[in-house]
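Protein sequence lines correspond, in order, to chains A and B.
Its first residue numbered 1, the first sequence is counted upward by one per residue in the working numbering.
Its first residue numbered 1, the second sequence is counted upward by one per residue in the working numbering.
Accuracy of the hints is not assured; some may be wrong.
Stated by the list, open to error - SDA-like cross-link-like pairs, simulated, lysine to any residue; straight-line CA separation at most 25 Å:
{"no.": "1", "chain 1": "A", "residue 1": "K98", "chain 2": "B", "residue 2": "D57"}
{"no.": "2", "chain 1": "A", "residue 1": "K103", "chain 2": "B", "residue 2": "Q37"}
{"no.": "3", "chain 1": "A", "residue 1": "K103", "chain 2": "B", "residue 2": "A72"}
{"no.": "4", "chain 1": "A", "residue 1": "K103", "chain 2": "A", "residue 2": "S20"}
{"no.": "5", "chain 1": "A", "residue 1": "K70", "chain 2": "A", "residue 2": "A52"}
Hints listed in this document are in silico derivations from the structure and should not be mistaken for laboratory results.
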Amino acid sequence: GQQLNQSPQSMFIQEGEDVSMNCTSSSIFNTWLWYKQDPGEGPVLLIALYKAGELTSNGRLTAQFGITRKDSFLNISASIPSDVGIYFCAGYTGANSKLTFGKGITLSVRP
Amino acid sequence: DARVTQTPRHKVTEMGQEVTMRCQPILGHNTVFWYRQTMMQGLELLAYFRNRAPLDDSGMPKDRFSAEMPDATLATLKIQPSEPRDSAVYFCASGLTPDGRGSYNEQFFGPGTRLTVL
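Sequences and hints are given; from them, build the entire structure.
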């Protein structure tokens with residue numbers, strides 16, 4: 001089945017730094033979604049991408065749909081303490097496919 | 001603002017007991033999903049509904065799990081009998097799929113029900 005790979009499992013950065021996260025797959029995806037999960041809460045949708053090459057921003061967050069359609073990345077600029085959480089990539093391979101999730105990356109931001 | 005709500009937020013029960021989790025999807029959304037999240041497996045899709053009809057429940061252990069949508073504002077996930085290995089956080093998510101476009105939708109998650117089976 002389709003798998004989405006996110007690594008490393010954890011990232012530690014200093015407040016103010018930029019951070020980039022990758023999500024890769026051996027399968028082609030037609031939609032990419034990035035979610036953030038805070039402790040004790042459900043994942044919250046950050047950005048949705050629908051076309052290869054698409055670059056979309058949401059405040060300090062920018063995500064891109066890779067042109068091969070097998071990867072996506074999320075960039076957070078000028079990190080702040082409230083950026084801590086687990087960041088999941090997710091995607092659809094086609095119509096009527098199920099949403100596949102990566103295992104997530106836990107981000108820690110040191111003040 | 002529109003949100004998916006889930007009750008209860010926490011449930012502790014003993015092995016063998018019945019557990020029912022409830023979800024109110026965002027008004028107007030026509031797809032509802034049930035997920036289970038554990039440290040080991042991450043997020044796993046258990047079942048999903050479109051326009052209240054069950055489309056796929058292949059992720060659910062059918063001997064003990066059941067999912068229903070009695071009406072458009074309520075989805076339920078039931079475990080009977082519960083087992084310790086069912087301990088996890090169960091999420092409901094809803095989305096809006098224009099009919100005919102398949103599953104291309106953005107899913108919005110509820111806060112989850114944290115289930116502990118002793």
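Hint check:
Of the pairs offered as hints, the one joining K98/A and D57/B holds, with about 11 Å between alpha carbons and a cut-off of 25 Å not exceeded. Restraint check for K103/A and Q37/B: the C-alpha separation of about 10 Å stays at or below 25 Å, so the hint holds. Our distance criterion of 25 Å between C-alpha atoms is broken by K103/A and A72/B, whose separation comes to about 31 Å. Taken as a hint, the K103/A and S20/A pair is honoured in the structure, with Cα atoms around 16 Å apart against an allowance of 25 Å.
This hinted pair checks out: K70/A and A52/A have alpha carbons roughly 9 Å apart, not beyond 25 Å.
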